[in-house]
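*Asks:* With the sequences and hints as input, model every part of the structure.
Each chain, written out:
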Amino acid sequence: MIEAPRPSDEPLRLASLRSLNMLDTPAEDRFDRITRIAALAFDLPVALVSLVDENRQWFKSCVGLGVRETPRSVSFCGHAIMQSDAFVIDDAHEDPRFADNPLVTGPPFVRFYAGQPLVDEAGHKLGTLCVIGHEPRRLTAGQIELLGHLGRWAEEELRTIGLEAALRERSESMTRLEEVAYSLRQSEEIHRSVVTSMHEGICTHDIDGVVTTANPAAGRILGVPAEELLGRPLLDSPWRCLSEDGSPFDPAAHPVVIASSTGERCTDVVMAIDAPGRPLRWITVSAHPLRRDDLETPWAVLSTFEDVTERRAVDQMKNEFVSVVSHELRTPLTSIRGALGLLASGVLGELPDRAGQMLDLAVSNTDRLVRLINDILDIERMESGKADLNRGQTDVSDLVVRTLDALRPMAEQAGVALRSDAEHVIAWLDADRVTQVLTNLVSNAIKFSPAGQEIVVHTAANDGVLRLAVIDHGRGVPLDKVDAIFERFQQVDASDSRDKGGTGLGLAICRSIMEQHGGSIWVEPTDGGGSTFLCELPMRSCDTSVVRPVAHTGTTGSGTVGPRVVDDAESSSATGPWDEPLVVDVVLVEDDPSLAVVLVELLASYDMSSKTVRSLAEARHLLGRLTPNLMLVDLGLPDGDGTELIAWLLANGALASIPVLVYTARDLEEDDQRSVELQHAEIHTKGRTDPQALISRIAEHLGDRRPSRKVTPA
Amino acid sequence: MSRRILIIDDEADIREVAQMSLELIAGWQVLTASSGTEGIELASSQQPEAVLLDVMMPGLDGPQTLQLLQANERTHAIPVIFLTAKAQTSEQRLLRDLGARGVIAKPFDPVTLAHQVVELLDSP
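Line by line, the protein sequences are chains A and B.
The first sequence begins at 1 in our numbering and counts up one residue at a time.
The second sequence begins at 1 in our numbering and counts up one residue at a time.
Calculated directly from the structure, the hints in this document are not laboratory data.
This structure is a prediction, so every number in the text was calculated from the model and none was measured.
Heads up, a few of these hints could be off.
Unchecked claim - A few chain B residues that don't get close to chain A, going by computed Cβ distances all over 12 Å:
| # | residue |
| --- | --- |
| 1 | Glu41 |
| 2 | Arg74 |
| 3 | Ile81 |
What the hints assert, rightly or not - Rough simulated footprint, nothing fancy, chain A against chain B, three-plus residues with beta-carbon under 8 Å:
| # | region |
| --- | --- |
| 4 | 19-33 |
| 5 | 60-73 |
| 6 | 88-95 |
| 7 | 101-108 |
| 8 | 113-121 |
All C-beta atoms, glycine included, are put in the ideal place defined by N, C-alpha and C.
*Replies:* Next comes the structure, spelled out in structure tokens:
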């Protein structure tokens, strides 16, 4: 047996065959008709439309044969497609190519074969129309011609199938295109109606700012028909743009200009449109650069703007309302607080103890109500974005030290120590607001710390972020409350506002302030128990970072911690009155305010300047900043005994030589008088030495001073 | 001797509480006026050492009164301290920037009111 060679166009022939998508499809009448006619016309049992695939021949139509395909290697058709005319084997037994072919020696016992090649338009022979007999046969010229005609008929059918497939494909892609076009039209319509019906004005601009499209709202907001905006350069308009302070808006600051020049989004810029014959409209403008993958710079800019005139008016009304309400609540409270305070002070006559207790209760609750009003006002204004930040270059370690100093009396009363572990940092922030946050956090920490514990305020600057931490060893915050406590009126324990005197708004205010600064606040447990409240604030690129760490405990008298910043501009802005040397004749340490007023008055009448402090802690802090010519000290002070202060003075080099007068209501025993501290002081007893005499004694100490005016103590 | 202080406030109750506080606790002499106009007249004729001035008043408000006091050569040297129910630090800063010696927030503590006034008057 000799296997048929492969045609020279085999790959293209196979590609053409497959493109018809006919292989392994069901039989069709159009071909069966041809094979039936062939079988009848030649009076032969088998007629086929055979397609020669890579490794088989597959029969699209088959008369008289039980199979749909046979291997190409043994096929007669494989030989037939090597010829251009009909391929005829009269007697396979006599032909060495087929004599031992299994299809000849076994079923279907082929003896006679005639196959007409089927040629496509490009000339590739895809298969045959063939007839097969079991007896030897010889065809007449007419019969060969008939086979040729039937073959061309089959070729026509193949071509038709090809055309039909192409047509089908084209119409399918047409349908797909139509579908895409339809959905594009639909989505464009949706977008267009969104853009058209939006309240926000939307324009597109070319890179020079010229308006290329504008929606109706854009025209409405700007007071001209939208069509008139088209082609108009951004800065050539019949209206004037004003900035919030009423000055002409700087064209270089226009969001569209910024977006096209920098390629960055620029959002929510507020400006007013001042057009002749129209009331002033306030708008917020945002601009987004439009980019393409193949261009480095934006090719156009989309601007959106919103009329916020009404909203601004409402905000202003709300603002005024809150301010008026706060004022109206405060006014009667002022009278109540004043009247209660006067009664409680005893100046209107002594009260029975129980009445006094009731009055103290009324006073402290009035104070709480005032704090509540303050906090509500604060939080309302911050959350409505109306409390503008008043940012400045701020010395953070100085801010921490001052805050802790202000809270020290409270801490000492609670027996809690305060310590600052602050890096020296200058940051761009609202000092009043951040002080408020720190005051809230530290006073909370004091309230919830047991006596004997220490509270540390830690600050650090890293990667443009300022971190503040208030670390306590108090009772801690349960894990399920760590988020809730920053909400309004959400204390860890419902009784806290009553027991601890808080308003339940402190942490909500802290969070608002932090968020306004673009920062955040959260709480974590402290190692070994307690809470650590952490704040993070972006510092801005102009901030100067750490210069050197400052250790400050506030109890060593080293209160003069000035900014040590290298940058001139910043150090000048950060230097405050805190660092100026103060000169004063007398420092008065007296916790009885009415007596203090009298003494200060009397000192002033001798032209002696004075500073009054009410506790040991305040005294120590003040003496870190100034050295008086004389100290006048009460012994019974809220945070300890005046003798402690004298001991501290004696141990403090420069302060040891200051003359000290003690003015006390205590009748001192002989022993006390001989104590080391009191040997250095001159003792005057309230009730024996009257204020007038005391002050003239002080005047003697300080040299020849005469009263410049007369004072009658109350 | 005692300090002579003028209180200008449209609220009679507050005038009374402040007056009693300064008189009884500090032993000062207190004049009161219920409006800016009346206050300017009293300040000019009585020459008090200082004026405690309410901010929100019908007619002349606090800042306007301050402006008139500063413009009048008989009263321009008298230090003015605002007594205000406005709590915001920013508002208080604005008031100080008008040229007031200081700001005391309402409600005030009657026991330390005189002390607060003295501190502000004596501050540089």
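*Asks:* Per the stated criterion, does the least C-beta distance between isoleucine 81/B and chain A lie above 12 Å, as a non-interface residue requires?
*Replies:* Answer for isoleucine 81/B: holds, closest chain A Cβ roughly 15 Å.
*Asks:* Three residues minimum, CB to CB under 8 Å: does the region 60-73 of chain B make the cut for coverage by chain A? Let me know.
*Replies:* Since 0 is below three, the answer is violated.
*Asks:* For the region 88-95 of chain B, count the residues whose Cβ lies under 8 Å from any Cβ of chain A; is that count three or more?
*Replies:* holds (count 4)
*Asks:* Would you say arginine 74/B is clear of chain A, with no C-beta pair closer than or equal to 12 Å?
*Replies:* Arginine 74/B clear of chain A: closest Cβ-Cβ about 21 Å, beyond 12 Å.
*Asks:* Count the residues of the region 101-108 of chain B whose CB lies closer than 8 Å to any CB of chain A, then report whether that count reaches three.
*Replies:* That given contact holds, which follows from 3 residues of the region 101-108 of chain B lying within Cβ reach (below 8 Å) of chain A.
*Asks:* Holds or violated: the region 113-121 of chain B covered by chain A, criterion of 3 or more residues with Cβ-Cβ distance under 8 Å?
*Replies:* holds (count 4)
*Asks:* Three residues or more, CB to CB closer than 8 Å: is that satisfied between the region 19-33 of chain B and chain A?
*Replies:* holds (count 6)
*Asks:* Determine whether the non-interface label on glutamate 41/B survives the test: each CB of chain A must be over 12 Å from its CB.
*Replies:* Answer for glutamate 41/B: holds, closest chain A Cβ roughly 24 Å.
Consistency note: the structure conflicts with earlier hint 5 alone.
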